[in-house]
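Listed here are the chains, written in short residue letters.
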Amino acid sequence: MLGCGQDGQLREAKKNTVMVEVTSQVWDYRMPWNPGTVSSGRGAGFIVAGKKIITNAHVVSGARNITVQREADPRRYSAKVKHVAHDCDLAMLEVEDETFFKGTSHLDLGGIPELESVVSVYGFPIGGDRLSVTRGVVSRIDYNAYTHSGRESHLAIQIDAAINPGNSGGPVMQSDKVVGVAFQGFRGDVAQNVGYMIPTPVIRRFLKDVEDGKYDHYVDIAVRWMPLENPAMRKYLNRPNDGRGVVVTDVFSEGSSDGYLQKGDVLLSIDGHAIESDGSVRLEGKPVQLEEIVERKFAGEEVRLEVWREGKAETVQVPLKPADMFSMYEVLYEPPPRYVLYGGLVFQPLTANLMAVMAGGADLRLKQKYTMFATDQMYRETPEPVILSAVLPDSSNVYLRGLAGQIVREINGKKIQTLTDVGPALAANGERTVIRFEGDARPAVLKREEVDRSTPRIMAQYGISEVSRTEVGERRLAKGSFEKGDEK
Amino acid sequence: MKSGRFFLATALALAMAGQAAEQDEPQGSVVRVRAAIQPYDQFRPWQKKAPYGLNGTGVVLPGGKVLVTAALVANRTEVGLEKPGSAEKCGAEVEAIDYEANLAVLQPERAEFLKGFRGLALGPALRAGDMAEVWQLERNGELLRNQAEILTVGVGRYPNDEAGFLQYGVRVSLPKRDDSYTLPLIRQGQLVGMVMMYDRDSQEGTAIPGPMIERFLEDAADGKYDGFPTLGVSWTPLRDPNLREEVQAPKGGGILVTRVNPRGTAGRAGLKEGDVILSVGGMKLDEDGNYRDSLYGPTAIGNLVRVRPTVGSKARFLISRDGKEMELTGTYDRRARDEVAIPTLSFDAQPRYLVAGGLVFQQLTGAYLQEWGDKWTERAPQRLVELFSFQQEKRADPEKKVVFLSQVLPAAINLGYQQYSGLVLEKLNGKEIHSLAELGAVLDETKEGNLVFEFMDDPGRLVLDAAEVKQRQEEIGKAYGISELRRL
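Note that the protein sequences, when read in sequence, are chains A and B.
Sequential numbering from 1 applies to the first sequence in this note's numbering.
Sequential numbering from 1001 applies to the second sequence in this note's numbering.
In isolation and in its complexed conformation, chain A is listed as follows:
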């Protein structure tokens, strides 16, 4: 019986699993004007209904050229990224040449496999060029960090088959259905033969999200809550000792719940699911964190909360949107880095990518700005802190080199709240440009005349063709009112 199913599975998997070869370019945030270093890699993907290929976002990040190839056809076909979702590490590819799909069918998505059940991982891991199959047992189903984005956690399934480079994006199958996408192994040396796959609820969510032709980010209720286990706390909030409810401890301004929920609200149920005092709800008979209800929703949808507020029960409908106040912590892949160059001074917005290259060079003030940006809701004042990321050595700026890494507070008396403020502030009239920083660092003072003379020299010397790059498509800042490029 099982043998029969396995044969069918293998046949279907062979037909529909594809090798994805990618040449990508990674931006260099140390020198944001450079196109970056080119590298190539290999992953896997599989064909789903509608002649689309699903793979991991990290397989195709920064791709400049993508080719796909099937086991049964030696030709390589050119592919393009149709949609990419870095937050859940999924991407959809398109192949223009219809002949690629000759002899293929497609794979269907299944459900969440049972613990201890056997799954098969298909892909093209290191060690050879042909399709590889590995079997593993489902060992855990839980929330886990999705390392590609740098900040997201979603449902993930742990299996005891090693997932190696080249497996990424490949289908994980049980009988004739896809039950997951292989996406990451275990970091570090402490565990062996541990692999993770993206389960079908996450894949389905991605597929549904892009139905309208555009991928929106995951949504978030953007509140913090604490378990309501303490009897004194329950009494204080006038709640009976019934083991139900969690208390809202913080509501992020500009987030979904801003204006809908308040600190001190007790959340009793979410979309009709009773919330336990530890924050869990029952979903399809299994306990999950209450966030799972929100995870499955889309931007613009609502979540219905039963709330205990000032001794009364109320129902609150919260319209959902992404938690953009945390977007700073997402590693950026596609958009080229934005910067402004002025007399050898390089200004960049504070991003995860910039912090990664500054690491040791960042002082305590900058590190704290970064780590506490969202929790302290600094974005209300400064949606996008601007950093003097480097001072390119030139005879005109010898005294300014020690200022690299400072957080720009104002330029020529104008407050700097996003990178787009920098250009106009620098253009202000006057003989001198004065740049002031947060804290007690000295100001940087430049003579306009000198900058005009040094800029072409510096650009030639450092191979910089554009004096600035500030418009790169959509940016998600926590404050909606702030400038956005044209959305694509």
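Just so you know, the hints here were simulated from the structure itself, not pulled from any lab data.
Among the hints, a few may not be true.
Unchecked claim - Derived lysine to aspartate or glutamate pairs resembling DMTMM-like cross-links, with alpha carbons at most 20 Å apart: (1) B:1394 / A:334; (2) B:1272 / B:1245; (3) A:415 / B:1393; (4) A:263 / B:1454; (5) A:214 / A:295; (6) A:263 / B:1458; (7) A:367 / B:1245; (8) A:447 / B:1246; (9) A:80 / A:97; (10) A:263 / B:1457; (11) A:415 / B:1246; (12) B:1394 / A:363; (13) B:1272 / A:440; (14) B:1272 / A:438; (15) A:414 / B:1246; (16) B:1427 / A:250; (17) A:235 / B:1448; (18) A:102 / A:71; (19) A:82 / A:334.
Bear in mind that the values here come from a model prediction, so they are computed numbers and not experimental data.
Given the coordinates of chain A, work out where chain B should sit on it, guided by the hints.
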């Protein structure tokens, strides 16, 4: 042949040194100092850490007292003196101690103990290139004397003072001895410094210069130790001609004030951020903040404002403000150091704490943060790091001490709160809390009802029942072996 001659010359020098030794009668000028050290455990403030011993070579002073570095006797439980080459011992009291300057004077419990010793007088200040000797005691009481060359004289960091004092850089080859924690620097039978740091690999070390010792001893002589004054400003060099123009600095010299502590010497004399300090006490400052010392040549301002003047003496500043020169006068003091919300140094003192319902509250100190290790800025709770590191911006009022929840000792009463730590307490039952004493008072007067603790950060609020807290105190103390549940 060449090497032979070199050897001969060295031997000659040693013979001469030996001759000098007899004249100096060194045996009668130094004693072994044994200190039993037991620091407090900042993470378990009700107890001390494991004890250990430190040994050093103390210098007998003409008045029958003994000089050592402060580091030798920090967090001591007991200090003893021992005659070299004999087992004769005597206890000693610390008469005056300065952790910033790293010096301490010990008074023997029995005055006759040092009878027959010849106190070493202070010698003149040394210059780069001068030779001196470092004295160490062998186990058998013999004196070990090693030639030391003064490499540099300048202002540099002390172990417990970032701003720095004058110090000698010395090159000397010191064998490892168990009495080497503090060693005198001697020249022609006179005390000229105390070695405080030594690196065996480079064979270089730093010594506290004679003039620092002289100032320390003068201050301590009247029985009331005042300490070294401090200016209470941050400043930056004024080499950059553009910056000079911007702040309208007159031609030549001067430094730019970037922050002023209103309680400090400079602040109370009327100095403001943006002022250019041209001279202090009639001594002109160059663009890097150096004055011309009659003995050492160009020397950092630190020596001019911290070592030369005494607390209470007159401070005179010539400044330029908005291009106009003016003279400001005030009095040197240490308030910028001593009157702070969060003290940097806290040796010898038991940390303050209060346990209520298993919630452990402590008063924030630099010592607590240091307990997190070398990477304390990354590992300690970020809010505490911020308040301490940017104290002048975030907690300028010295009366507003920082009381924080350092940990929760799990007990039934604090169920649901056990995951919290590092939270700054703002209010209890609506009353602002600025010290552990205030916290204790509110706790004492609340006999029943709720105790609502309000914190600066998430979760914002924790609630306990006052009567239950009282009832459970003894039980929690017993369970965790804490005999005193508060030390305010």
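Which earlier hints turn out false for this structure, listed by number in ascending order?
Checked against the structure, the hints that fail are numbers 1 and 7, while the rest are satisfied.
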